[in-house]
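A.B. asks: Residue numbers (the working numbering), protein chains in the order written: chain C, 1 to 255; chain H, 1 to 255; chain F, 1 to 255.
Treat the hints as calculated values from the structure; they're not laboratory data.
Check the hints yourself; a few may be wrong.
Since copy identity is lost for identical chains, a pair holds within one copy or between any two.
Unchecked claim - The calculated EDC-like cross-link candidates involving lysine to aspartate or glutamate, where the alpha carbons are at most 20 Å apart (straight line), are:
#, residue 1, residue 2
1, 5, 24
2, 224, 199
3, 215, 168
4, 218, 202
5, 186, 168
6, 218, 248
7, 186, 248
8, 224, 159
9, 227, 237
10, 135, 159
11, 215, 255
12, 227, 159
13, 218, 159
14, 198, 222
15, 21, 52
16, 135, 199
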Amino acid sequence: MKFNKRNIYISPKAKIGENVKIGDNTSIYDNVVISDNTIITNDCVIGEPLQDYYFNNNYNNPETIIGANSLIRSHTIIYCGCKFGENFSTGHRVTIREYSIFGNHCRVGTISDIQGYVTFGNHCWLHSNVHIGQKSTIGNFVFIYPYVVFTNDPTPPSEICIGPTIGDYSQIAVFSVILPGVKIGKHCLVGAGSIVGKDVDDYQLVLGNPAKPLKNVKDIIDRKTGKSHYPWPYNFDRGMPWQGMNYEEWLRKQE
Amino acid sequence: MKFNKRNIYISPKAKIGENVKIGDNTSIYDNVVISDNTIITNDCVIGEPLQDYYFNNNYNNPETIIGANSLIRSHTIIYCGCKFGENFSTGHRVTIREYSIFGNHCRVGTISDIQGYVTFGNHCWLHSNVHIGQKSTIGNFVFIYPYVVFTNDPTPPSEICIGPTIGDYSQIAVFSVILPGVKIGKHCLVGAGSIVGKDVDDYQLVLGNPAKPLKNVKDIIDRKTGKSHYPWPYNFDRGMPWQGMNYEEWLRKQE
Amino acid sequence: MKFNKRNIYISPKAKIGENVKIGDNTSIYDNVVISDNTIITNDCVIGEPLQDYYFNNNYNNPETIIGANSLIRSHTIIYCGCKFGENFSTGHRVTIREYSIFGNHCRVGTISDIQGYVTFGNHCWLHSNVHIGQKSTIGNFVFIYPYVVFTNDPTPPSEICIGPTIGDYSQIAVFSVILPGVKIGKHCLVGAGSIVGKDVDDYQLVLGNPAKPLKNVKDIIDRKTGKSHYPWPYNFDRGMPWQGMNYEEWLRKQE
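Please work from the sequences and hints to get the whole structure.
C.D. replies: Structure (C-alpha cells):
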C-alpha cells in the first residue's frame, strides 16, 4: 500500500542503507544518511534545508542521520543537521528542526514540534502535540505528554534563549508549560495543567499555576493498592530496557 | 482544481460508491469502503494501516467505512478499523487512529488528533486542535472546542487506560483538560481553561484549575437579554435536526 | 532539492509574478496572484476553495494575493480570499482560512491555524501552534507565542462571533487564551498561561486564570540589569524597521 515507488525524490547525495523502505511521495534531500532497516513512510521530507538554501546558490545541506531500525510515519518533516539514534520513531506530521539530537529508542508523537538545537537522551517518549523550544536539554527515560510546551525567552521578545533542563525518569503531564531556564530534577512528576517557573528537586510532585511542590512522588498513594506507582520504573517496563526483568536488577547491571 | 486524477492511489481492495470524488495525491488503502456521494479531497490517506503492517507479510488491513455524503478535507489521515456514519466531515490535517467510531453528522476540526478506540454519538462537533485520548466515550450533540485534551492514564506511565465519558449536549470550552475516567453529565458547560478531575452532574457549569461546580447552566444569565442561553438547544439550531422547528417539538417527536 | 517541477498544479487562472519559485507537489488554484520574487515551497495549497466549491458547478474562486518577497514553507494551506503584504512568511503546515488580511512583514509559525475573517497589521509575528478565531483584529508589531488561542463565542454554541482586539506592540505569551471581545491595549504583556476575560489597559502586565493586572510593564525589573526590558522596542530590533537605529529616532521619522 505504501511502497509503490510513486513520486519519490531521493537526492543523489543521500546515503540509503540496507533494507530501507521509502514510501510514496517522500523526499530525501542532500546529505541525508538513512541507516539499515529503517522505514521512511509516505509523504515525508527528510533533510529539510535551512532558510539559507532559498537565497544562497552555494548552500550546502548539513548532514542528517537517521539511526537503524527507525520508523518515520507519514508527513514528518526532519530538518538537516539532526541526528537520531537507533529505533527512533515518529507519529504523523512531526516537525523536527535543525540540529536536534536524539539518543536511542526515542519516540516523538503526532504533530509534535521540536524547534531545533535540543538534546534528548535515550528512551524519551514524547506524546502528541508537544512543543520543545530551542536549547532544551532532556535526560533519559523522560516522558512528555500532549500539549506540553518548553519555553526559552524570559522577556519576549529578546535575544535571550535559555531552555529548560529535565532530569532522567521525569514525567511532564498534559497541558503543562516549563518556563525558560527551569531545571527539573530526576524522577519528578509535573501534574496536568502546571506552569512551572521554579526549579524542581529530584522526586518532587509539582502542580498548579504557578506550580508548587506538593510531596515526594513516593508519597503519592494509590487508593486501591495503598502503594505508590512512583518511582515508576518499578511498575512500568513496556519498551524499557528492564522489560521482563526487575528494574533494580537492571540498574545494578548498569553500574 | 482538486479532481484531476493526478497521483492518486486506490487499492484494488477498496470499494468506492456511486458519485464519489477523490482528490489529487490521495491514497485509499486496502479494505476501505467509501459510501455514495462522499468527497475525499486532496492529499488524504484513508485506511492507514496498523504498525503491524510494516513488520508482518501476512498483514490484512481491517475494514474502514466512511459514510455517505461525507466531506474529508485535505491532508486528513484516517486509520483502518474506523467507522463513520453519514454526513461526516473533517477539517484539514485531521488524524483519526484505529477503531474510532463516529455516529452521523459529526465534524472533526483541523489538526485534531483522535487517538483511536473511541466512540462518538451523533451530531458531535469537534473544533480545531482537539485531542481525544483512547477509550473516551462521547454522547450526542457534544461540542468540543480548540485545545481541549481528554486523558486516560491517572499515573503516567502505566498500563491503565480509562477515558472520560461525556453526556449528551455537553459543551467543553477551549483549553480544558478532562482527566482520566471523569464522567461529565448531560447539558454541562466546562468553562475555558478548566482542568476537570471530578465527575460533573447534569446541567452544571464547572470552571477553573481544579474545576469546581459554579451553578446550574440555566442560571447563567446574559446581561443583555436577562435570560440564559442554556440549555443551548432552545437557542441554537444550525445544522441540528431541530433546525427550523422548535427544540421541544423535535424532542417530543423522538419519544 | 525542492524545485524539480514534479507534480505541480498551477491553474491557468493563476497569475505568477517574476522570479517566483514553486516547489514540488504544490497546487495553485484559480485566481491566485503570486507577486514577484516569492517562493512557494513544496506540498503547499494556495487558493483553497470555500465549501461551496464542492457543491456548486458555477463556483468562482475569490482572489487570493500573496505579496512580493514572501516565503511559504511546506504543507501550508492558504484559502482563497486572503491578502498578504510583502515579505510574508510561514512555517510548515500553516492553515489560513478565507478572507484573512495581513499587512507587510508578517510571520505565521508552524501548525498555526488562522480561522479566517481576521485582520493583522504590519510586522506581526505568530509563533508555532497559534489559533486565531474569526473576527479577531490585531495591530502592528504584535507577537503571539505558542499555544495561544483567540476565541469569539461567549456562550457556545451560538451565532455570536466577537473576536478579541490587540493593540500595537503587545505580546501574548505561551498558553494564553483571549476570551471573546476582549480588548488588549498597546504595549501590553499577557503572561504565560493566562485566561484573559477583561479588557487590558495600555502598558499593563496581566497574568493568571483569570488574568489580573499586576503592574505597568515599565516596572518589570530584570534582576540582573536592574532595568525593564519593556517597552520592548527599545531593547529588541531584529527584523524590525528600527533595526540598526534608535527606536525613538525611528518613531520620530514616522510622524
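A.B. asks: The structure should be examined with respect to each hint, and the outcome stated for every one.
C.D. replies: Evaluated hints:
In this assembly of identical chains, residue 5 and residue 24 lie within 20 Å of each other by CA distance both inside one copy and across copies; the values are 6 Å within and 16 Å between. In this assembly of identical chains, the alpha carbons of residue 224 and residue 199 lie at most 20 Å apart only when taken from different copies (18 Å versus 32 Å within one copy). Proximity of residue 215 to residue 168 under the C-alpha cut-off of 20 Å is restricted to the intra-copy arrangement: shortest distance 18 Å within a copy versus 38 Å between copies. Proximity of residue 218 to residue 202 under the C-alpha cut-off of 20 Å is restricted to the intra-copy arrangement: shortest distance 11 Å within a copy versus 36 Å between copies.
Taking the shortest alpha-carbon separations for residue 186 and residue 168, only the intra-copy value of 5 Å comes in at or below 20 Å, while the best inter-copy value is 42 Å. Proximity of residue 218 and residue 248 under a CA criterion of 20 Å is satisfied intra-copy only: 16 Å inside one chain copy versus 54 Å between copies. Only within a single protomer do residue 186 and residue 248 lie at most 20 Å apart by alpha-carbon distance; the minimum there is 16 Å, versus 48 Å between protomers. In this assembly of identical chains, the alpha carbons of residue 224 and residue 159 lie at most 20 Å apart only when taken from different copies (15 Å versus 50 Å within one copy).
In the homo-oligomer, the alpha carbons of residue 227 and residue 237 lie at most 20 Å apart inside one protomer (18 Å), although the nearest pairing across protomers, at 50 Å, exceeds that limit. Taking the shortest alpha-carbon separations for residue 135 and residue 159, only the intra-copy value of 13 Å comes in at or below 20 Å, while the best inter-copy value is 32 Å. Taking the closest pair of Cα atoms, residue 215 and residue 255 never come within 20 Å of each other, the shortest separation being 29 Å inside a single copy and 53 Å across copies. Proximity of residue 227 to residue 159 under the C-alpha cut-off of 20 Å is restricted to the inter-copy arrangement: shortest distance 16 Å between copies versus 47 Å within a copy.
In this assembly of identical chains, the alpha carbons of residue 218 and residue 159 lie at most 20 Å apart only when taken from different copies (19 Å versus 40 Å within one copy). Within a single copy, residue 198 and residue 222 get their C-alpha atoms only as close as 27 Å, which misses the 20 Å cut-off; across copies the closest is 16 Å, which meets it. Taking the closest pair of Cα atoms, residue 21 and residue 52 come within 20 Å of each other only across two copies (15 Å); inside a single copy the shortest separation is 30 Å, beyond that limit. In the homo-oligomer, the alpha carbons of residue 135 and residue 199 lie at most 20 Å apart inside one protomer (17 Å), although the nearest pairing across protomers, at 35 Å, exceeds that limit.
When held up to the earlier numbered hints, the structure conflicts with hint 11 and nothing else.
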